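Taking the hints into account, I'd like the entire structure generated from these sequences.
Here is how the chains run, residue by residue.
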Amino acid sequence: MLHLDNVSVQFSGKTVLDRVNLQVPVGEFLVVIGENGAGKSTLFNVISGATVPSAGQVRLRTKKITRVLQDPRAGTLENMTIFENMAFAYRRAQRRSLLPCFAARRVPLFREKLSVLHMDLENRLNEKVSALSGGQRQALSLVMAILADYDLLLLDEFTAALDPQSSETLLALTNKILRAEQKTAIMITHNMDQAWKYGDRIVILKKGQLSDVPKSVHLNLP
Amino acid sequence: MMGGAEIATCVDLGLLQGFLGVALFLTLRVLNFTDLTCEGSFVFGACTASVLLTKGYPIPVSLAASFLAGSVAGAVTGVLNIFLKVKDILAGILVAFMFYSINLRVLKDAPNITLPEGAQLTGLYIFCAATVLMLGYMLRTDWGLALRAVGQNPQLAQLSGISVKKMTFLGLALSNALIGLAGSLTSLRQGFCDVSSGTGLIIVGLASVVIGEKIMPFQNLFLQLLGCFAGAVLYRFFMGLALELECLNLKSSDVNLISGLLILSVMALRKRRRLCCT
Chain Y
17 MLHLDNVSVQ FSGKTVLDRV NLQVPVGEFL VVIGENGAGK STLFNVISGA
67 TVPSAGQVRL RTKKITRVLQ DPRAGTLENM TIFENMAFAY RRAQRRSLLP
117 CFAARRVPLF REKLSVLHMD LENRLNEKVS ALSGGQRQAL SLVMAILADY
167 DLLLLDEFTA ALDPQSSETL LALTNKILRA EQKTAIMITH NMDQAWKYGD
217 RIVILKKGQL SDVPKSVHLN LP
Chain E
52 MMGGAEIATC VDLGLLQGFL GVALFLTLRV LNFTDLTCEG SFVFGACTAS
102 VLLTKGYPIP VSLAASFLAG SVAGAVTGVL NIFLKVKDIL AGILVAFMFY
152 SINLRVLKDA PNITLPEGAQ LTGLYIFCAA TVLMLGYMLR TDWGLALRAV
202 GQNPQLAQLS GISVKKMTFL GLALSNALIG LAGSLTSLRQ GFCDVSSGTG
252 LIIVGLASVV IGEKIMPFQN LFLQLLGCFA GAVLYRFFMG LALELECLNL
302 KSSDVNLISG LLILSVMALR KRRRLCCT
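Chains as they are written, first to last, in my numbering: chain Y, 17 to 238; chain E, 52 to 329.
Treat the hints as calculated values from the structure; they're not laboratory data. Nothing here was measured: the structure is a model prediction, and the numbers come from that model. The reader is advised that the hints may include incorrect statements.
Chain E stretches covered by chain Y per the calculated footprint, using a threshold of three residues with CB under 8 Å from any CB of chain Y [unchecked claim]:
#	segment
1	94–101
2	186–198
3	203–209
So the derived label-pair ranges between C-beta atoms look like this [unchecked claim]:
#	chain 1	residue 1	chain 2	residue 2	range
4	Y	K79	E	Q171	51 to 59 Å
5	Y	R35	E	Q270	22 to 30 Å
6	E	T173	Y	N142	12 to 20 Å
7	Y	A164	E	G311	43 to 51 Å
8	E	Y188	Y	R195	38 to 46 Å
9	Y	R127	E	I177	35 to 43 Å
10	E	G311	Y	A66	42 to 50 Å
All C-beta atoms, glycine included, are put in the ideal place defined by N, C-alpha and C.
This is the structure we're talking about:
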């Protein structure tokens, strides 16, 4: 699915990623850990194409990449309704036409996708997102991210802003969806317990270099 | 008190200024872009249409030309902001400032021109209804949703494959096209075009949006757009009434003061209601 060959990124002369090599096969749930400022988000930016590497090559078998951000507010349109948010996500990476977004035929699909959250959001389609809790919003941004067809899901510390219970619930749900749909995902986290529990493989980013973490090792990250 | 003719004038002028309100709603509320180009694009639209009318072109052609002229002014602001990274407020001010000279050139250095006898404004209500319906529909399409997303959360919009720069550019062009149209319609209503008729228009547009939101606090986009027209008409009424009331002893030179105080009062009311709710 994804191959990074000797990828380096430099910002203002400072090396953020240093000859990083990474292979992610289809269906793998890879977890990336590392200290603050280690370059984890830059790695995601390189994978998603937002940052062009200074050297090396990024080989991707797909262009259908989606991303869930850390801040629940950043992943949703808070002054719009849940329906409008879903309608917005439904057309991700597609040409936006001058056809009505409020098409009634979309309602059953949106209800079905939201029902997997068990948060009753499917019955609150006309409510504004600003009325939702942080956990509900982040769950909505996850559904929005995977609503349109995707092959690679990037999860950028997406449970960091939630309380432990909401965080665990959302991650369990994400894992369930990924396994059921056999999709590939890469997750950045600081939570080692969650990394061990859900990740197929864990890699650590340190001083711009990436290395595998054996399952027997337990790390304490800031 | 105001007579029937004065009330009709207030409604007409209010509806004409409602276009400004709708255009500012598009930039301020939808795009989250503080666009002050309107003082330039309004007059540019008016000048373009007036010159074409004096040359014998039919009214629909002149109105279409004013729509395009306004969009050009908006596009220039977009280019300054997007490509030259000029701040939104400054880009608008600069364009409005520069277009004063361009407008004078369009009018061949005359400060104003009189429109031909036959050029009169008809179908104002149809223009207003068509604007609300078309814009309201457009904002409820997938494209409109993308435009609203760019204003609310540009990062998410970018991640979703939307070109934030392109949408901002198009939004500015559309907004100022409406302002250009408002300029030409106002010239038709008044029978002349004046190069300094754009002064202070930003305040009128802002008043329309603020009062409209106060009297029609709905989530429905059609009603929000309608609220801009209603706000503009109400603004004209307030202004007319304030100048009519002899007990206040106000003069026509007090217009700016009354406008400012009116907007501040409405904004203070909005704030107070919000405080009560929290």
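Run the structure past the numbered hints and jot down the numbers of the failing ones, going up.
1, 5 and 6
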